[in-house]
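In case you want the letters, here they are:
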Amino acid sequence: MRRYLLKRLVVAIPSLIIASLIVFTLPRLLPGDAVQLMLEEKAYGKDVDDLRHKLGLDRPIYIQYFAWVGNVLTGNLGESLWTKRTVTEELGMRLPITMLLGGMAICFAIIIAIPIGILSAVRADTMRDYVARSAAIVGLSVPSFWIATLVIVLPAIWWGWTPHLGFTEFSKSPGAHVLQFILPALILGIASAAGIMRLTRAMLLEVLRQDYVRTAWAKGLREGVVVLKHSLKNALIPVVTILGIQLAQIFSGTVIIESIFQLPGMGRFLFDAILQRDYPVIQGINLLVVSIIVLMNLLVDLLYAVLDPRIRYS
Amino acid sequence: MARYIEAAATVEPVRHAWALPRAAHALFLFCRRKPLGALGAFLVVVMLVMALGAPWIAHYSYDESIPGSRMKPPGAQFWMGTDNLSRDMWSRVVYGARVSVTVGFVTIALSTLIALAIGVSSAYIGGYYDMAVQRVVDAWMSFPYLVIILSLMAVLGPGLLNLILSLSILVAASSARVIRGAALSVMENPYIEAARAMGTPHLRVVLRHVVPNLMATVIIVATIGLGGVILAESSLSFLGLGVPPPRPSWGAMLAGSGRSFMQRAPWMAIFPGAAISLAVFGFNMLGDALRDVLDPRLRGTGTGPAR
Chain A
1 MRRYLLKRLV VAIPSLIIAS LIVFTLPRLL PGDAVQLMLE EKAYGKDVDD
51 LRHKLGLDRP IYIQYFAWVG NVLTGNLGES LWTKRTVTEE LGMRLPITML
101 LGGMAICFAI IIAIPIGILS AVRADTMRDY VARSAAIVGL SVPSFWIATL
151 VIVLPAIWWG WTPHLGFTEF SKSPGAHVLQ FILPALILGI ASAAGIMRLT
201 RAMLLEVLRQ DYVRTAWAKG LREGVVVLKH SLKNALIPVV TILGIQLAQI
251 FSGTVIIESI FQLPGMGRFL FDAILQRDYP VIQGINLLVV SIIVLMNLLV
301 DLLYAVLDPR IRYS
Chain B
1 MARYIEAAAT VEPVRHAWAL PRAAHALFLF CRRKPLGALG AFLVVVMLVM
51 ALGAPWIAHY SYDESIPGSR MKPPGAQFWM GTDNLSRDMW SRVVYGARVS
101 VTVGFVTIAL STLIALAIGV SSAYIGGYYD MAVQRVVDAW MSFPYLVIIL
151 SLMAVLGPGL LNLILSLSIL VAASSARVIR GAALSVMENP YIEAARAMGT
201 PHLRVVLRHV VPNLMATVII VATIGLGGVI LAESSLSFLG LGVPPPRPSW
251 GAMLAGSGRS FMQRAPWMAI FPGAAISLAV FGFNMLGDAL RDVLDPRLRG
301 TGTGPAR
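Each protein sequence line maps, in turn, to chains A and B.
Residue numbers 1 to 314, in the working numbering, belong to the letters of the first sequence in order.
Residue numbers 1 to 307, in the working numbering, belong to the letters of the second sequence in order.
A hint or two may mislead.
List time: in silico SDA-like cross-link candidates among lysine to any residue, alpha-carbon distance up to 25 Å [to be verified]:
hint	chain 1	residue 1	chain 2	residue 2
1	B	LYS34	A	MET127
2	A	LYS233	A	ILE110
3	A	LYS229	A	VAL294
4	B	LYS34	A	PRO309
5	B	LYS34	A	ILE110
6	A	LYS7	B	VAL133
7	A	LYS7	A	ILE242
8	A	LYS7	B	GLY126
9	A	LYS233	A	THR215
10	B	LYS34	A	LEU205
Label pairs and their calculated CB-CB ranges [what the hints assert, rightly or not]:
hint	chain 1	residue 1	chain 2	residue 2	range
11	B	PRO244	A	GLN210	52 to 62 Å
12	A	SER134	B	GLY181	24 to 34 Å
13	A	LEU302	B	ASP63	35 to 45 Å
The hints are simulated quantities; they were obtained by calculation from the structure and are not laboratory data.
Yeah, the Cβ is synthetic: ideal placement off N, Cα and C, and Gly gets one too.
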């Protein structure tokens, strides 16, 4: 187990290094100079070179990279070129919102997808299975921004009611704070639910065909025990591994959903930062997101080892 | 003599009716075995016809304001109503198919070429090269796709060509992973070893023996990828970083200035979104059915297109 753990950790490091390189270089390729834009706003002094020097943009790019990595390792992500607050501070305010939204979305996805996937596999090639599978493909095909738009537009026409747009602070009303996430999280979770359901079904079907399952049936065990106790655990192993990918998808979704529902999370912040060429913010968010995803993948791998002893001992 | 000719003339059509050409027969079988796949194929064909025949199918031009018909509900004259700028929604949806089809097909063609180059070389050369390439693909895939694409689009600037370029780079990474896997299993075959033993040059082995045997995988990956690309294009256009106006993109039609009018004119919200959903649904269904028919080994590996 310890060797497996170490191996996984070592493999995660090059991924993080490459990711940090991508994170650092991408925003620097943006056309239009942030410095130029800031000077046009006339809020940051007059001299281009002076400002560049202040921001450290006049040094060779590899030195900028190492300086940046050094800062990142000490927890300093720089300060936003626009709001003048530190990126750590900005992210600290926004991360909980996106975490709550994403966490709820993935929970909804799992709660919806796994029971339907099980039912679909156990009753394979029946009407219920066809309905579930078609619904899953519909779920993969319908853009989240369309559902969100309809959810805002249609109830207004039918019942004169619109879901609340805008943000309620936790301190003001804890109940309303949590409630406002339910609708966006559900919409965000639909695509992931569809993917998880399809994989659950496919994997469970595979397991149900195996000999030991036939033995379980032959022993006269009840269906619930055969499916839920003997088969499901093995079927869910691959499902656990794609949760990491689903998480990345869900973060993509937050960029759109947070904009529509006007939640001040990281997705919307990233979108604004890209439009304003706010390098430190773009880098900070990208790095944070990638680190979270690499960490989650690591956790998923560990969970994988807990679920499947074959991996632990190989 | 005349009698024979007559006989032949009467027999011939009957034989044709029974012995369908092979392609038509295969098509018939496909429809019977995969009704949902056939539905998907039908939706795809409808979309292609809309894109190719837009000037004949649409009643108006996509950016033509029709005087005195602002936000008219769907009816005989305007099948899908009109928008807040008095433009016919039906015409805009039809022309919108052009954007989706162009972006979809060109992107997939380009990304498939890139993915083949990366995937096959990675599988064929192996060793450190394979390891390095796969780590880069890993890192690339662990980014949320919208983050990459937004950054790329901001680098390149909006525009049809840039949109296609950035989407291709994105799709290529995940396709390359699948193609590498398929190439590895193709290379296990004895005929590859035989070709190598005969002294066939590497490039020839790859082009004549490896790549042709990957075609089933490529077709499946491309079909499912098309749905994903159309979805991604519409998301980007929705955010305002896709195809610039006045060219009508389904995603852009749901965004921007029109949003405030949608509660009074819900058809402005309903039809473009339905068009996106049906198009993506069509490609997903078709791709699923093709996968079952062409390559049962891939069953259950996909978790759906990127979005």
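> Any of the earlier hints contradicted here, and which numbers?
Replying inline: Hint check: 3, 4, 5, 13 fail, others pass.
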